[in-house]
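Heads up: the protein sequence lines correspond to chains A and B, in order. Heads up: the first sequence begins at 21 in the numbering used here, then just goes up one per residue. Heads up: the second sequence begins at 2 in the numbering used here, then just goes up one per residue.
Misleading hints may appear alongside valid ones.
If you anchor each label on the Cβ, the simulated ranges turn out as follows [stated by the list, open to error]:
#, chain 1, residue 1, chain 2, residue 2, range
1, A, Gln-46, B, Pro-52, 49 to 59 Å
2, B, His-81, A, Asp-208, 25 to 35 Å
3, B, Val-128, A, Ser-169, 35 to 45 Å
Calculated directly from the structure, the hints in this document are not laboratory data. Don't be surprised by glycine CBs; every beta carbon is placed ideally from N, CA and C.
So you can see what is in the structure, the chains are spelled out below.
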Amino acid sequence: MKEKRWIVDTTLRDGEQSPGIAFTEQDKIEIAVMLDKLGVYEIEAGIPEMKVESINFIEEIKKECHNSKISLWSRMNVDDVKLAVSFKPDILHIGVPVSYVQIYSKLKKNKLWVQKTLEECMKITSKAGVEVTVGLEDASRSDEGFLMSMVKLTKNLGGTKIRLADTVGVLTPLRAGDLVKKLVQETDIELEFHAHNDLGMAIANSIESAKCGANYIDCTLLGIGERSGNCDMYKFLNACDRNFDFGIDKNKVKKIEELLLTKICMG
Amino acid sequence: MIRIIDSTLSYVDDYQVTGEQLYKFCEYMKQIGIIDLEISTKAYNLMNTLPEGFRFYLRLEPFDKLKDYANGIYKYIISHSDDIEKCISSFQINDIKEVGLLRQYSNLDHIKIIGLDDLMCHNYMYVMNEIKTIFKGKTVNFCPQNTYDCASALAILWLCSGGNEVTTSFAGIGELAATEEVYMAMHIISRYKASQSLGVLENLTAWYEEVTGNKISLIKPIIGKTIFDVESGIHVDGIIKNPANYEAYKPELVGKKTTIVIGKHSGSNSIKIKCKEYGINISDTAKINCILEKIKHQSMEKRRGLSDEEFLKLVEEVLANEGKTMDS
Chain A
21 MKEKRWIVDT
31 TLRDGEQSPG
41 IAFTEQDKIE
51 IAVMLDKLGV
61 YEIEAGIPEM
71 KVESINFIEE
81 IKKECHNSKI
91 SLWSRMNVDD
101 VKLAVSFKPD
111 ILHIGVPVSY
121 VQIYSKLKKN
131 KLWVQKTLEE
141 CMKITSKAGV
151 EVTVGLEDAS
161 RSDEGFLMSM
171 VKLTKNLGGT
181 KIRLADTVGV
191 LTPLRAGDLV
201 KKLVQETDIE
211 LEFHAHNDLG
221 MAIANSIESA
231 KCGANYIDCT
241 LLGIGERSGN
251 CDMYKFLNAC
261 DRNFDFGIDK
271 NKVKKIEELL
281 LTKICMG
Chain B
2 MIRIIDSTLS
12 YVDDYQVTGE
22 QLYKFCEYMK
32 QIGIIDLEIS
42 TKAYNLMNTL
52 PEGFRFYLRL
62 EPFDKLKDYA
72 NGIYKYIISH
82 SDDIEKCISS
92 FQINDIKEVG
102 LLRQYSNLDH
112 IKIIGLDDLM
122 CHNYMYVMNE
132 IKTIFKGKTV
142 NFCPQNTYDC
152 ASALAILWLC
162 SGGNEVTTSF
172 AGIGELAATE
182 EVYMAMHIIS
192 RYKASQSLGV
202 LENLTAWYEE
212 VTGNKISLIK
222 PIIGKTIFDV
232 ESGIHVDGII
242 KNPANYEAYK
252 PELVGKKTTI
262 VIGKHSGSNS
272 IKIKCKEYGI
282 NISDTAKINC
292 ILEKIKHQSM
302 EKRRGLSDEE
312 FLKLVEEVLA
322 NEGKTMDS
């Protein structure tokens, strides 16, 4: 019997962040409904902080989707998290930079600040009763010791799921598998893997992560996303649905891609 | 030592390619430091005299005669060959269970394994080690096929686990690992050709599009036209502070540059930078927010980012409505 794994679709969040792509609220609702019928576990619907989409849009997606969990993404920022939980998503992804380059030169903060701010953010989600996935950004370039300490902190704060993000797409399958294995062995937290395709290895890295114990794999339709995109859902399923049970008919993915192509301009 | 054999010139037979274009390709490849090129007999004939400074591997079909292609060839690639000096014997392996069949060829000095497209879904390290054990001390060229979009990763895994030779092709033509992806991954992981400039990849991309008539996807890793475009506020902000925040390598390395695109996901920093690019000075936060809001709505209406012309028109409108003119 094939092992069960789950697809987290991030077309409407990371996919839409592709330069030049801009969905309308109606586009997002239409795509979400099709993804829901397809059987993806979770639909990451967007970033509330964008300020251009109304509250109704999330409400509408939640109303129209009956199977998938609806999630939102937020920076690790107390005000952003407060705003995000007000939309009452099923899951909130909090993006937590963990590489030193991102902590010191993007945030211009330090490790203590990262840990303290995560605590503050998770108090808010806990109070609001919203499930959290802590997205360890740029995990592929992080210090493994610090990465592990962040996973342990997440667990201590009541978190149950980590998103391991290869933010700039530099992992190889060996390294991706090694990271996932270590986290599975050291902690019993659930793992989600988020690939980028900068070196053409998003599919292979996602397969290896699933083989090594990541239960959730992030994908986008047509592989859209920043720079060279994310893990392409159809290609991923085509490569490994013999190994895993995703509960998705890969041929139906093509239908949604056709709809998506009418809404974007892509080379 | 790592050896990447680029086989693009054995996959362009179906296109109207000229000898001059083939020479050009060789020249470009030399500029990125790849001098091992696999060619077809058609390419051999079209080039008439092979250029100096390369190791050419000629792929012979079953009824081709080796003596007809005697000039300038480093090695010949022949399917299931078992006796000729200067020859690489190639084997198509479609199923990992067929790997054991290779034992009967363990006496060969140089072999090429083509296929194993679904290896990623199996215990690839076990299979790769089995191959290395069979051909201990010999040279094994691995040429993974790309049916499941994992060929580049498999080629890299082979090189990172002790293999030293792979066959690839530019942009993955022929359903193989993409030369530029394997090259760049090894460049980042193992400092392969660390001081090499790769700006000529832009010429190679243009060459590929001209010869094949196929457009390279805008987001194709390493060579896609828009891979260093950036729109989202968080990413623009991060890149301004330090490009390494969101770029795995410098765009200039591959002849590209970071381009800020204006659209739904833009932040105020992008507006300031874009205005500055056009000599417009706006420091008033309220005006910037007003421009930003209009950009986001217009971008959603158009379902795309805005061109620079559209952006400038919008800025002009906002400033005019405020009863002020642009400083420039």
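- Query: Does the Cβ distance between Gln-46/A and Pro-52/B fall inside 49 to 59 Å?
  - Reply: holds (57 Å)
- Taking 25 to 35 Å as the hint, is the beta-carbon distance of His-81/B and Asp-208/A inside that range? violated (51 Å)
- Distance restraint hint 35 to 45 Å, applied to the beta-carbon atoms of Val-128/B and Ser-169/A: holds (36 Å)
The structure is inconsistent with hint 2 alone, although it conforms to all the rest.
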